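> The chain contents come next:
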Amino acid sequence: MTTAAPSRDAKAGPGAGTPGVPATSGRRIAGALLHDWAAVLSTGFLALVVLMAVCAPLITALTGHGPNDFDAAAIDTNLGGLPRGSLGGVSAEHLFGVEPQNGRDVFARIMYGARVSFLIAISATVLTTLLGVVFGMLAGFYGGWADQVISRVMDFLMAFPSLIFMIAILSSLPSGNRAVLLVVVISVFGWPYLARVVRGQTLTLVNREFVEAARASGASTGALVFKEILPNLRSSLIVMTTLAVPGYIGTEAGLSFLGVGVTPPTPSWGQMIASSVSWYAVDPMYFAIPGLFLFLTVLSLTVLGDRIRAVTDAGEAS
Amino acid sequence: MARYLAGRIAGLVLILFMVCLFTYLIFFKLSPDPAVMICGKTCTPERILQIRTLLGLDQPFFTQFWDFLSGLFAGRDYGSGANLIHCPAPCLGYSFQTSQSVWEMILDRLPVSATVAVGAAVLWLVIGIGAGLLSAVREGTWWDRTTMGLALGGASIPNYVLALALQYVLVVKLQILPFPSAVAFSDGPLLWLQSYLMPWIVLATGYACLYARLTRANVIDTLAENFMRTARSKGLAPVLTMRRHALRPALTPITTIFGMDFAALLGGALITETVFGLNGVGKMAADSIAKNDQPVIMAVTLLAAFFVVVGNVVVDLVYTGLDPRVRIR
Amino acid sequence: MRRSAVLATVAVFTALALTGCGGASAPASGAGGSATGAAAASTGGTVHVLLTADYSHLDPARGWDGGVNNFYRLIYRGLTTFGAGPGAEGTKIVPDLATTTGTGSDDNKTWTFTLKDDIFFEDGTPITSEAMKFGVERAWDPEAGIGSPYARLLIDAPKDYKGPYVSGDLDTIETPDAKTIVFHLKKSFADFASALAQPNFVPFPKGSGAAGAFDTKPIASGPYKVESYQRGASLKLVRNPYWKASSDTLRPAKADGFEFTFGLDGATIDERMLAGQGADANATAGAIQAATVARIQTPQIKERTLSGYMGCTTYMSLNTTKKPLGDVRVRQAINYAVNKDTVVAGDGGTTLADKATSIQPPTIVGRVDYDPYPTDPAKAQQLLDDAGLGDGFDLTLDVRPDPRQQGMAVAIQEALKPLKINVKINNIDTSTFYEVIATPAQQHDAAITGWCPDWSSGATFLPPLFDGRNIFDKGNQNLAQINDEAINKRIDEIGAMTDVNAANAAYAELDKQIMEQAPIVPLVYEKNVTIVGGNVAGAYLNDAFSGGIDFISLGLKDPGK
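Protein chains in written order, with full-length UniProt numbering: chain X, 1 to 318; chain L, 1 to 329; chain S, 1 to 561.
In silico lysine-lysine, DSS-like type, Cα no more than 30 Å apart, as pairs:
id : chain 1 : residue 1 : chain 2 : residue 2
1  : S       : Lys323    : S       : Lys424
2  : S       : Lys206    : S       : Lys179
3  : S       : Lys302    : L       : Lys173
4  : L       : Lys29     : S       : Lys474
5  : S       : Lys424    : S       : Lys474
6  : S       : Lys162    : S       : Lys474
In case anyone wonders, no lab produced these hints; they're calculated from the structure.
Keep in mind the model is a prediction, meaning the values are calculated, not measured.
In isolation and in its complexed conformation, chain X is listed as follows (with noise of 0.2 Å):
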């Protein structure tokens, strides 16, 4: 189950090469992007997808249909409700068409479900980042037993099946509010991942002669973190953090399809997914275009996350 993982391409990343020089700025990074055409298009893709997100309440006002807006006009609810019109209703009314059975706007969904995706992936991505930082640099800083229990709950929680746990947790949790939820479900589990790889760069990086040296020369522990440790480390946190996104992205989507996510009627491109399986072979469309979102987003995103790991890698080489 790729969904249940979201950090596994990355351990068999950046784990792998020490960071040595002071990392790689920013500015060469983008630099190196610009020169890649997936990379740009990647770019392109997600910023649009963004953009839709944000402004998704001037464009549904524009349009007319909002998320939840039943159209009867647009089923035939002799035929089960199936949309009138070719291609699951596409049209100059409907951009993407509307949803079976009831008549919702496609385009307005998947524009709402953009938020509510990138909400809890980047939302679980900050707080998984947050922690795996915080627990991976206390183990790999200290040392000794800290290290030791550290390393235990890692072992502990990566060895859950998560997949199966979540949906257990989720559904048996009252429905609440099911997005912090989720996030916070996701994040339990999901910080051990990067948590193992800052603890093994920050036990490299303590015994480096220029924190020995700033050690030596008195500077205090926040100092020693803060200014000598952290910033060694954003090169890989960069890389980690773009691929963490798209996995996310992911495991929030394969929830709401198997129906533990977001409670409808949010929309949630798993679930649009989800309540598309009864259809797919009526109106295709109703499944294509949800999917095909997903897809192009966490394509995007790995793509992005794949190349600017290239850069880095590259950047340390040289």
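Please arrange chains L and S on chain X, whose structure you already have, making use of the hints.
This is chains L and S only, laid out in the frame that chain X set:
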């Protein structure tokens, strides 16, 4: 070596114990009353109480947890008199919703999950490593670039999207495959192959893409290492160099990851099994979650954790055997 | 007293215990209900059944819904059962193991039945009155007796009786000889023959079936027995060699066996049924998905389609204990305001549902068709103004998060908007929905739910939902929490009637009397539409089993195929 092994097994038991405790605690605290689910439609408060007693739900947490643990090793009895239900060791619990011991249910479903996992694993190993090797040897060519591009794309398709897309094209439109189902091999090898082909492809795609990229990266790294240069400078033929010196170090890390991935799959490919309606452990987990059949959810969680943890140990052992650089003191 | 299988089954993956679905009465859609039943079945062959979810329990004391009750008739026989045929035939009560539908005496407090000859269990032992008695006693077992409650409700028993495994014999069921069985009831009950058609009045050899044994290995008394069963995956039935056709006028038992496949995706089942290739030509399935409606319009498929009422009513309850809803004018206003046509559209359109006007669905005997609240927004506004709520109010509606329920909820939301009633749709997970709405402390203002009768009479429809003395803290079914003295009194009066037909007519009047109080808004009568394999013969929909395809009459046209 023996001491190392003993240590690893002790750690394994500890982690499994923690998983048990944690899972039990979560369900104990969070989930709705299982007695209500078992009670059925004509439930009365007295009946709920009776069921709670029968299941031991009226006991304090640690007593319940202890009953569960001891049941694992010594078996367990529910109820009394003529209605006594004996659940022999290893008793992972008894599902009152299906009137079956959970262990029996899992044994029933495991063959399907194993078939899905093994078939997919063969597919992704062959395709992933093959494509990765070819790309590494032809680094920088159009073949390399195309393969790696496809690998990125393939790894980005959520498997349920791929599953539905394939089903639409191959089964509904072109009608070249039947709808997937858990056909037994004895029903005819061809039908068996056709029925499982799509689940295998869907499950293998993501892994194959990842393995292709990993293999390529590892082989390229190895080829650049000093001992390889030496080997080549000795005048060994490229194919021979590849076989004798590069493959083993390059593929060792893949073994590690494969072990983990495969172990995780044995616990049930939940999404794939659900989408295709294959009655494996994963689908059972999904169904049980929908019915809130707690003993089953608990057991599947534990089983999956067991596979992951044991897989971890096995991988480490294999690793030490494969890689001369890692030796246990 | 049962929620419909459709409405009650817990399902994240929309798995549904609905077994066969449809109804030969072919109401509004007019699709020929008996089209596929026309060709005669030949003897032999195996009928396949494709289902999304496994049956709840093979033990008839445990399982109890339209789907599994239908299945039970293949392997079990009771004293009486429902008729085998489309339309009214299916809701008629006929003798099965008994020679007649029973003789009542002592003001219908004592009922006597005589068993037929030549009746045997699957191992060849004869079915005696003692086995019958034992089977009924199982209903009191605290663990097994979770199915139909009618044995416990009607038959007199000591308060602390806990079934044959714990407490032993029950004295109030007598077996004077091997062929005669006498039941002593708590009070006079004229329609006891109907209650006996419940699935747990089935014989078992004395002492068998403890500890859930029948859920995996039942002991058959009907024409088929279980050959192999893998929970959630497959179930194979083969002929019970000791079943004698001469003793069973109801079951033609043409097929040599049945093969059930569970756990399939609903859309996949529909695809397979539409294609009808290979063994799927010998298959029947559950209700089609809304998505498939568009594809059954061709003549070839229409010919293989059955359609009919499920015999249930989907309604919106109005919680009379909540402030604005305590006023009958407000409840009536909502009844006038809800546009049933848009509700039907939200539920999947006219192929899958008809609009509901009365509480009792059309399949109930004696039910009268009437519409107390035709859609009339102006009248609704007037009533609200009279109640001093012309400026509207907030209303929280509990719904399950599945597309059809959502569709109905939004249609209601839209319809109430002009009255400035702001409907807040509150989604509750399917797995906990019924627990929440059946707990008065947790239920909100309104809920969309449904009810199916246990047999075709108002007796199992109106009293459980509207008797004011049946409001419980947990497991409450009177969702409106209406406690009206006149209604309660009428329920008792009808319950005491000895003429079943008169009682049914009286329930039709009670239906009107209750709707004057408007405790609920009847929304739709859902229909079952189901596709039958091309080689299947004898298929019709039986109203007694939520409109499922009656299994006992199924066979194959050409068993060689």
